[in-house]
Every structure is written in structure tokens, then in C-alpha cells.
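> Following the hints, put chain B in place on chain A, whose structure we already have.
Protein chains in written order, with the UniProt record's numbering: chain A, 1 to 732; chain B, 1 to 732.
No wet-lab data here; the hints were simulated from the structure. Careful, some of the hints might be misleading.
No copy is singled out in the list; a pair is fine if it fits within one copy or between any two copies.
Stated by the list, open to error - Straight line, CA to CA, 27 angstroms or less: simulated DSSO-like cross-link-like pairs of lysine-lysine:
1. Lys546 to Lys652
2. Lys314 to Lys480
3. Lys442 to Lys285
4. Lys545 to Lys652
5. Lys314 to Lys727
6. Lys652 to Lys561
7. Lys314 to Lys285
8. Lys480 to Lys336
9. Lys285 to Lys336
10. Lys593 to Lys127
11. Lys144 to Lys163
12. Lys442 to Lys163
13. Lys188 to Lys442
14. Lys120 to Lys545
15. Lys127 to Lys91
16. Lys546 to Lys571
17. Lys285 to Lys344
18. Lys285 to Lys302
Bear in mind that the values here come from a model prediction, so they are computed numbers and not experimental data.
Each chain, written out:
2 protein chains.
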Amino acid sequence: MEAKNLWRFLVLSIGVVLVLLVTRLPNKEALDCNLYSGWCTSKNRFYSSAHPNNPIKKPSSFSTYHHNQHHDESEIPEHPLDPLTIQEFNKVRTILSNHPLFKSSSTYTLNSVVLEEPDKKLVLKWKKGDPPLPRKASVVAYVKGDSHVLTVDLETGQVASHKTTGSVSGYPTMTMEDMVGVLEVPLKSTEFNRSITKRGVNLADLACLPISSGWYGTPVEENRRLIKVQCYSKEGTVNFYMKPIEGVTALVDMDRKEVLAISDNGQNIPVANGINTDYRYSIQKLNGELRLLNPISLEQPKGPSFTIEGHLVKWANWEFHLRPDPRAGTIISQAKVRDPDTSKLRSVMYKGFTSELFVPYMDPTEGWYFKTYMDAGEYGFGLQAMPLDPLNDCPRNAYYMDGVFASSDGTPYLQPNMICIFESYAGDIAWRHAECPITDLKVTEVRPKVTLVVRMAAAVANYDYIVDWEFQTDGLIRAKVGLSGILMVKGTTNENMDQVPNQEYLYGTLLSENIIGVIHDHFITYYLDMDVDGSDNSFVKVNIKKQETSRGESPRKSYLKAVKKVAKTEKDAQIRLQLYEPSEFHVVNPLKKTRVGNPVGYKLVPGATAASLLDPEDPPQKRAAFTNNQLWVTPYNKSEQWAGGLFVYQSKGDDTLQVWSNRDRPIENKDIVLWYTIGFHHIPCQEDYPIMPTVSSSFDLKPANFFERNPILGVPPNFEDDLPVCKARDSA
Amino acid sequence: MEAKNLWRFLVLSIGVVLVLLVTRLPNKEALDCNLYSGWCTSKNRFYSSAHPNNPIKKPSSFSTYHHNQHHDESEIPEHPLDPLTIQEFNKVRTILSNHPLFKSSSTYTLNSVVLEEPDKKLVLKWKKGDPPLPRKASVVAYVKGDSHVLTVDLETGQVASHKTTGSVSGYPTMTMEDMVGVLEVPLKSTEFNRSITKRGVNLADLACLPISSGWYGTPVEENRRLIKVQCYSKEGTVNFYMKPIEGVTALVDMDRKEVLAISDNGQNIPVANGINTDYRYSIQKLNGELRLLNPISLEQPKGPSFTIEGHLVKWANWEFHLRPDPRAGTIISQAKVRDPDTSKLRSVMYKGFTSELFVPYMDPTEGWYFKTYMDAGEYGFGLQAMPLDPLNDCPRNAYYMDGVFASSDGTPYLQPNMICIFESYAGDIAWRHAECPITDLKVTEVRPKVTLVVRMAAAVANYDYIVDWEFQTDGLIRAKVGLSGILMVKGTTNENMDQVPNQEYLYGTLLSENIIGVIHDHFITYYLDMDVDGSDNSFVKVNIKKQETSRGESPRKSYLKAVKKVAKTEKDAQIRLQLYEPSEFHVVNPLKKTRVGNPVGYKLVPGATAASLLDPEDPPQKRAAFTNNQLWVTPYNKSEQWAGGLFVYQSKGDDTLQVWSNRDRPIENKDIVLWYTIGFHHIPCQEDYPIMPTVSSSFDLKPANFFERNPILGVPPNFEDDLPVCKARDSA
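Just chain A, same shape as in the assembly (with noise of 0.2 angstroms):
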């Protein structure tokens, strides 16, 4: 081959290499992976392959249970709250495609199609057995640059309502099409490949990740959707997280799909090396795997205790109704617990779900201040639960439900084993008494506790929420959150702390040579419609006040009294936490009292929890204003459930929880929503790298004067007979 031919086939080739690489990435299947599913994934059930050694296999009791089989069967909605049907979400295609918004217009995406809720009263009064309530849908669809709100009404085939955003800022929930689209942007700008290949990174071996860029005020967000785009070096390990590209960043404009600017500091950064941080347990058993632990099983010999009917849950003495949803995760509704005494179901959350989270990094630097995600209405917080993973996830007697989701065009796709149900036994005790024999009375009683725990586990990127929803028999539904996932880590020319002057900030830890975790926060707020005995209930904050005692009264100085203060209004519910204020927060219903005169009621007891300490001003803090409680009661009103507003990307905070509380209406004895935030502050340590361990927190609602008396008295103990026999796989 002569110098020109070789010349020309050096050019072609690496022509050849660099399109291979773009389309690589993302390529084809992952793209057609990305347009039916969460961050993609669930359609294809890669996990069994993940997983050779731990194929899906259910006990043969379970058999019932099997999703596909379930999922036939959920092809009728049973239910009013059920969630839209493979075909209800056909016949919305069809409707919309008549409709004159997207008829006129090629490109278009709808952000959500979900079950539009029936009334709240229509659904109350609904009965099994009643005919079904109409079924209409909601839509959210982006044309053009404005968003619209739309209702379809499936028994009529007609748009029965259609609303733009008016005046109110931000954008819907990005689609996955919208997050997968723009990552290859970047690629298309020289400048960006430039400053990927000058780190000494092949661009094979990119990962990048849409980062959403908040909004901070300057013109250049106004009337567009921006992202920024970030990336990572894959090389040698899945863990690329840990590889960042520090300093490299691409606004990009999500919809024409053009790279705004290109920002590019700290070039002296190199990409760390990522040794031993593949977590996978492929890597792990060459590298020697750490068996510190024979095997323990959860074993239910006679079945679970609980039957579900489409998406009606029935367990011991509760009974709810429970859907997938792309934007919360898992929506719980209309809880009810059965009376001891009566028999009879009663009322207790008519909904609960994850409205919004808010995790703002704290590094106020150019590649990082943006970094303050608000999960649920930017990424979709059902959209991101990966399926789950049997046997981990979720113990071997679990049952697992599907979501059905739509793509941006309104297809169908199917989220499998997005939520797991199972009951829970770690071996605690529900209640228990051991008499000493003074009285001659020789009494042991001890009852165990088992719980039924709706799971789901929702992978933001590269963290994972595990949130569960658990029931227990006496009447408490605690709501826990666990962190698990990957650290969003900043690359650093340092190696050791001693080469880190006193006077530097790192804004984290350093966890590992050219790697620091930067300190976060994370902030979970529910959204829980109360329904105690019925609709109309009050807020009491319960102040536990010390009192002095007069002078005689008593040889104490002072005890502690209880102060019932009924909330009137909006305001008088705003409430932060204070370990020397305390107070218990009940939802009573004024109109139901128990035998001796106290009115009904449940309590939300705070769990460990942490607070927003951000400026007020912050724009990130003003759009996730929600946060500055622990706590709010707003009056319920169908259109308040996001607590950063209907449109939280690139929102400015003009439609949030606190705008809607600062109205301040009236809340005592009306129908009531409460609304409650767990928190975590977050410094890393070198223990969360190169995957973290599992960092969990939650909130009860418990029964405070809603029974006569303790609602498991008469539940029997466990008896040796009851328990089952078992052994070991490879002895059996």
C-alpha cells in the first residue's frame, strides 16, 4: 500500500471508529431500551441475565401471584383508582391524535398520561360491585414550547378539558426520550470532544448524564428547557461514577438540541483511576468474595397473609389500594383498618405518596451549584424504579407488581416488578409482659411482630431510594426512606490530605486519591390526605409545656403538661421540629369520640430527620420552599399535590406548598391534607465508596384515641407446631 493509500485508509478508519462511537453511544438498542422504560431497562428484564446465578423463580405457591398473570387480569380496571390500562392508554393515543393541538403539530411530546382521579367523593361512595366510576385521563404534552394540561374523557372519546400553564413558570417532568436525547448533543461540539480526549479519556468510553440545571435567574433560561450535561469515563469499571470528567460541562438546550456553552475548568484534574470500584459480584468473586454469612430466610409455610385483587391489598386487618405511578413512585390509597370491636373497616388515609424530593449538592463552584435535584417532577420518581431484584430487593415472599407507563408518544410499556409486597418478620415483638410473681401471678405474654412492607426502589442516576410503605397490626403505617446507590463525587487533584492546605475547602470528603464526596442533602416530602373516620378532620399541635408548680403545691418544682391547641388556619400548621418545644401532631375527627369522650385520632411521629438550613432567597431553596417545615396542613384541594408545583424544571417557586400555605385558610374540621419531610444531611465518608450502605429513615402515622383499646389483645403467640420445617437445599 502506497503512503497515499495507507494515508487515506488512516482517515477512513478512524472516520469509521469516531461513528462508530457516537452511534455507540447511545446506540440503538439502549435507545430503543430508553423509549419504553424507566432509565430504561425493564422490557428486555435484563436483570435475570445480570443475574445468571439468580434466576426469577418463585415458589410454586406463589404461582398466583405471577405478574403476567396478574397482569391479564388487570386489564379491566376493577377499582376507580386503578391505574390506566394497556388499553385505556391506546384509546388516549387515539383520541389525542384527533385532537386538533397535536393534529396541527409534528413534534410534540406528552410528559404524563395517568389515570385522571374520579372526585374524591364519587370514589368514597363507590362500593365493589357498584358500576365503575367514568374513566378519564390526564395528560400532560409540550408543543411547541408550551405545556398543556388535558383531560380525556375515555367514555365519550373527547378531550373533556384543556388548560395551558398561564402565567405559572417551569416545565413538565422530563420524558425519557428528553433525557436520553440529549446526551449525544455534546458530542456533535469539537470544543467538547476536545476537552474529553485532552483528559486523556477515549471517547469509547464516555458516560454522561443529564443533569437537571435548576433556575437561577439569568436570561438565558428564559423560554427554553436547558440541561446540563455531564460525563464520566467508563474505562475499566461499570462504577464510572467514580471517573468523573471534572470540570467539563455542556448547557445544552434539550429541545433543539444544540449545546448552549461549553464550560471546561480545571484541566489539571485527572480522571481517577477507579480501582476496586466495580461493585458487580462477577468482579468481586475473582477478586475474592467476602462470605461472612450462612444463609437466613423469611419462610411462610402455609402462604402469605394477604390477598391482592388487582390493586386492592388486603392484609390481616388493613386494606388499601396501591398504583405504580411515573411521577411519585407508589401511590397509596384509601388505607382503611378493620375495628377489633366492631369488625368494621374505618377510615384512615384516603392518599399517601413521595410528592417531591430536593437534593441540593453543597458546592457553590461553576460545575456543581446547579446540582439541586428535585427528583419526583424533574426525573420522574416511578419513571426511575428499575425493576427489583427477587431474592434482594425484596425477600423470597414477595409478591411483585407491575407498572404500565406511557413513552413520549403515548405507547404503553411495561415497568415489571416495579413494587414488591411482602410481610416482614425481623424477629421484634409487637407487645409484651412479664409479671413478677410478688402477686403470685405467673404470667409471661409476648405477641411478635410482623409487618406487610410495600417496596419500591427508584435509581435516580446514581442514587437508589428504597421507599417503603409498612403496615403493622396495631394500627401503624410507618413511611421509610433508605439511601443506597452511588455518591455524586467531584474529581480533585489531591491524593491525600496532607496535600490539602488548612485553609482549603473541599466541599466533602476525601474519599479515595482524586475523589471527593460532596456533602448533600436529601429531603423526601410526603403528601398524606388524611381521612380518620371520615373526611372532615382537625390539626392539634400538642404541646408538651413544662409547668411550674406554685409554691406548696408539691415538694416537685415542675412537671410537664400537655396543651391541645386545635389549628384554625393554614398557618397555625407550619412547624418546625424543636427537641426542647415538643409537641405530638394529632388528626382528629371532632365529630367521633371513642366510649369515654376522646375524639378519634391518629399522630405523625417525626423519625430522626434533618432541616433545610439554605438562604430562604436561595433560588434553589425558594423552588423547593416546601422544605422550610417539617410539617404544613393545607385544606384539600385536588390541584395541590406536588409540593414544588405541577411544573417543578426550571420553576421559580411561584407554585409551591408554601405559596398555597401562605393563603392561610381555614383547616378545623374540614377535609385536610398533612404534609411531612424526612431529611438527611449527608457528608460522605469513605465507607459510602465505592457504593453506599444502606442509611434509612421514616415517620409513623400511629393510632392516638382511634381504637377503644390495643388492637392486637387478642392476637395468639407463636406456637412451635405453627412453624415450619425446613432444610437445606442441597440436604433435602
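Same frame as chain A, but now just chain B:
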């Protein structure tokens, strides 16, 4: 029968009946039992007869753990911290019987006989195989009104040291004989008996409690041990606590066994009827049991993952020494975790235990103001730890450990099944990540969370404390307290809240007709001698502070900054928690660094808690001044172990953690002890009646840059083949 004879017969009969009643309560059998065990019980193993359907049977694979076998083995101490053996207790008795103090006195009590721990330095140096360290016993004796502390050298057979209390106030922990001995004293008083019978209570139905009287600075309290006796009616229920004879209190001299005063008010308050308060399963079965659940069980087909050699527990990557203690209950010593990088055990905590409890009731009136219990120092938290109920207090896969304690004359007795140890799996997740396939990485990796629980349940009269130490493979230790048992309630004339005038305050909640659940607090203060990679540690408060950005620095106005402050002296570490001034609390080894230069450390992570709000000058609060802060750090001092002082009974608060800490000694780079208090405010509700569902709280000791990275990266997931094959017994 003529009238005179009839009269004689009646008088005689009444006399006989009265004699029988008085001797019956407590009768011989009960007294014997009380002499040799907790609030009596265990020696006779009455719990097995209380559950005829629930015999204590363990799977055959557990037979090596059976406590009798175990007990035979442990007659020779294997570790310097092993508790005194039966032989050693008997030797102590012999040695003391030759000591002048006891020779000269016919009446003395041994309030405490426990191991005198060898010097920490010697224990730290000791290795298995080394010659045993000299064995000593620490004895607290009460002789003729004086308290004595003696050290008995079991090698030399001598009393090695002997101190009296000097100017320090208070008396030793009551013995079981003290508690039981005072109960019959009021019955000698016709005034007392008249008060009881006037309320229509048959003396045969009396059940009385010995209630520590606190200290209030009155002359009657000087130079004598006082106790108050209040009684209940056990007519028709074993749950006599729900039938208080309100307003009758006998003040008794504990040593002279003499009634000093009887108060009798509230004669118009009826004894509640107690209907449906009996919580025994045998009774519930008659009333129609509430069978909500199919059986569920924790199964380990290949046996547990721990071994117990004497008192040394080895599980997964943990090793620790575990011993029962009559005052603290459970003592964890020398907790060490194995570093996966070096395979070496590394020290975390030298000693941890519940040092003291404080339970003030919030009613300043005559019959209630003194109820301000300090359960460890007054009653003996371990003495009150009744045998655990297998299958219900602990799951089927539990191992049980006995306690051996001394009765008041020094005779040893067995407290069987006092502590259980088991592996727990609730279906939770140790760590997880699901990757999105944007990057073509098909990854879902999840590891189940299994923990080791060490449990004790102390029933201090009505209340049951479930005290757990939970170890996680990721290095975390969780200390958890569950509260169950029965409320201490107050009689009232009210049967319904509509009878209660608006201005009247009940000091609690009307739970049922004539029954008020009185508001109270619970505080449990832990002693935590942290030895993070060695004894010399520093306490670092990591403040999380809002930092405003300067003009032009960032589009952000604020972010959170971690500001580390090393505590120089004790007062730097007297900490009250604040949601809006958050901190992390690290114990670091300033001389040991990770590879990238972070000091190795553990952090204490508070859970939900409550603070004492009582007036600091209120006598109960002065005595329980250790609850003035949630967190304290003191330099290690062998004599400072009991947060309320060695002699808590009737103490004046002159020997508390507050007093020690106010000396403000240096604590930087020293052997330091952390003290943390878990608190609960308890406003009772009807669900707590007639027996309380468990309420729990906890705190964590969590590695923070202790390991180079996540120490359980290499553990395998669950595989179906590892899980057992199980059948229901009746189908097996």
C-alpha cells in the same frame, strides 16, 4: 349454735382468714422465689408452665447452645471479663464471712456482688492462651445504715480494699429482699387495711408495689431508707395495674419495716372494674382470639453464622464479649470488627451498657409526685430481666444466655434465658444500585441486610424495656430500646371526658372508665467507652453550618459547610441536639489515618429522641442531671460508670455525670467515654390500654472513615439454592 358461740366462731374465723391473707401475701413459695431471682420467676422456670402450648424446644442443631450445657462449660472463666461463676460467688461468701464487718453484724445485705474488672490496660493486653488475670469481686454491702464497697481478691482470699461512702448521698440498689420485704409492712397497719377495705377491696385481692420514693429534701428522708407502697386489686384480672386503689400510699422505713405515714385521699375514687384487661392468651382464646396472620419464621438451614465461646460472641466480621449484669443488664465489651483489607480485628468500643434510666411521671399531686424512677440504680435493670419467652421474645433461631447473680446473702442463683442472641433478616437491603442502560451497562446489584441482635427484656414492675444491641456487617452498631408492658395509671371518678370541666387538667389521658394514663418521660443513658483503633481518641463536633456566598462567587446564595471542632475539655462536649444547628459527632483516633489521610473514626448518630424539660433545680432533675444534655464526653475513669452515681437510691444528685463533667477535664487525644441518652415523651392513648404496643427508639455508632471503603463490597447476594426448602409441620 348459741349466739355467744356463733360470735366466737365468727371472730375466730375472721382472725384465721386475716392471718391467712397476711401470710398469703407474699406467701412462702413466692418469697422463696423472690429470694433467688429477679422479681422472682426464673429459678422455677414458671414461664414454661405459663405457656403449656409453647414448650422451650430448640432445633436439634442448637443443642450445643443449650444453656445448661453452656453453663457447665462456663464454670471456669475463660476471659478476664467473664462474670463471676457459681464457685466464685461461693468463695466470695466464704471470704466475707470471715471479714470483721460481717462477723460483727447479724444483719447485713449484699446489694451487689459482681466481677471487679481487671484494669483496662491489663485486659487490653490479655490474649487467649495467656495466663488468666487475677479474679476479683466487687461487693456493695449495707450494714447498720452504712454502705460499704469492698474488693474481694479471689486469689489471695482477702478483702483487698474496703471503703465506706463518706459524704456521698444515697443508698445502694435495692435487693429483691428489700423490695419484697416491704410489701407486707403496710398490712400490719389497721389504718392501712381500713383504707383498703373501705374501697371495697378484699385484702386477698391486694397486689402491692414497692415504689422508690426519690428525694425531696425533707427531714423525714434523712438517715433512713424509705419506700412507698401502693396497692392494686387483682380481682378478676392478672392486669391489676389497671385497678389502682387510688390515693392510698404507705411510707415505709425499709430497714425497720415500719410504716411511717399513710396518706389516704381520693376515697370517692372507685377501683376500676378491670373488665377486658386480662391480656393472657388463655383468656383471649375464650373471648375469641384474633388470628390475623399465617405463621412466618426466620430460617437458617445451615445453622447460625455465629459461635459463642463462653461469653465471647463471634459473628460475621464482629467479635465482642457479652455478659449479664444485675444493674446494667447487658454489658458489651471489647467490640471489634474485622477489616476486610487486612483481615485484622480492629477495636471499636471497649465497653457499652445502659448506665441509668430516669422515668419521671408528670403529676405533682400527693400520690404521684415522687414517681421519678431510676430503674438501673434503684431496682437493678438486670435483676428485673425475666427469662425470655422463646419463639416470641426472640425468633426460633435464637441462642439464650443465662445470668448468675447473688441474692442478698451472697448465694448465687440462675437467671435463665436472660439474654438472647440471634440473626435477623427483615427483608431489608444492605446496599444496592440499579444502573440505567444509557451507558449500555446492564447492572442491578443488591445485597440483603442481615444483622446480629443481642436482646434483654427487663420488666421493671409494670413497664417492659426491650434492650437490643444490633450489629451490622457494614460496621454499624445500633443500640435500641423498645418500650412495652403496662401503663402506670391513676384512678379517677370520671367515666367520660364530658364529665371533665374545661379548666380541669387530668395529668394524662382518660383511657377507660375511671382510669387515667399519666404522662411521663423515659430516658435511657448509655455508657459508651469508645476505643476507636486504640484507647486514645478525640471527640470532634462536625457542625453543619450555612455559608453565604460572596457577591459574584456563585449563582447560589448559600450552601452548607462542615466545620470541624475538636473538643478540648468536657464542657466542649456537653451537647443538646438542635434540628437547625445540626452536627455530626465523631470519635476519631487522631494518630491513625486512612490511606488518603482522614483520621479513622466512628460517629454517634442520634435517632428520634426527647429531652428532659423539667426545672434543673427540681429535685428529680438534679438527681437525674445526666439527662441535662443528650451527649457528654468524659475522660475514662474506672469509678465513673453509673450516670446517676453509684448510690442512686435517695441520692441528692451529688455524684452524677453532670457533676463529673463540670470538672471540665481535658478530653483531647485521651481515653474517652461517650454518654448518650435516648428519650421518650409518653402521652398515653387508649391503644396503650390494657397493654402497650411496643414503641422504639435507637441511636447508631457508625464507621466514618474507619474503613478505607465500604467493608461489605465483596459479600454475595442471595441465591435461590442457598435458601431452605420448607414445609408446614402438619404437611411435613
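> Against this structure, judge whether each hint is valid.
Status of each hint after checking the structure:
no., hint, result
1, Lys546 to Lys652, "between (42 angstroms within a copy, 22 angstroms between copies)"
2, Lys314 to Lys480, "within (21 angstroms within a copy, 31 angstroms between copies)"
3, Lys442 to Lys285, "between (54 angstroms within a copy, 18 angstroms between copies)"
4, Lys545 to Lys652, "between (39 angstroms within a copy, 25 angstroms between copies)"
5, Lys314 to Lys727, "between (31 angstroms within a copy, 24 angstroms between copies)"
6, Lys652 to Lys561, "between (43 angstroms within a copy, 25 angstroms between copies)"
7, Lys314 to Lys285, "between (41 angstroms within a copy, 24 angstroms between copies)"
8, Lys480 to Lys336, "within (19 angstroms within a copy, 30 angstroms between copies)"
9, Lys285 to Lys336, "between (47 angstroms within a copy, 26 angstroms between copies)"
10, Lys593 to Lys127, "within (26 angstroms within a copy, 65 angstroms between copies)"
11, Lys144 to Lys163, "within (15 angstroms within a copy, 89 angstroms between copies)"
12, Lys442 to Lys163, "neither (70 angstroms within a copy, 40 angstroms between copies)"
13, Lys188 to Lys442, "between (81 angstroms within a copy, 26 angstroms between copies)"
14, Lys120 to Lys545, "neither (38 angstroms within a copy, 44 angstroms between copies)"
15, Lys127 to Lys91, "within (26 angstroms within a copy, 76 angstroms between copies)"
16, Lys546 to Lys571, "both (24 angstroms within a copy, 26 angstroms between copies)"
17, Lys285 to Lys344, "between (54 angstroms within a copy, 21 angstroms between copies)"
18, Lys285 to Lys302, "between (36 angstroms within a copy, 21 angstroms between copies)"
When held up to the earlier numbered hints, the structure conflicts with 12 and 14 and fits the remainder.
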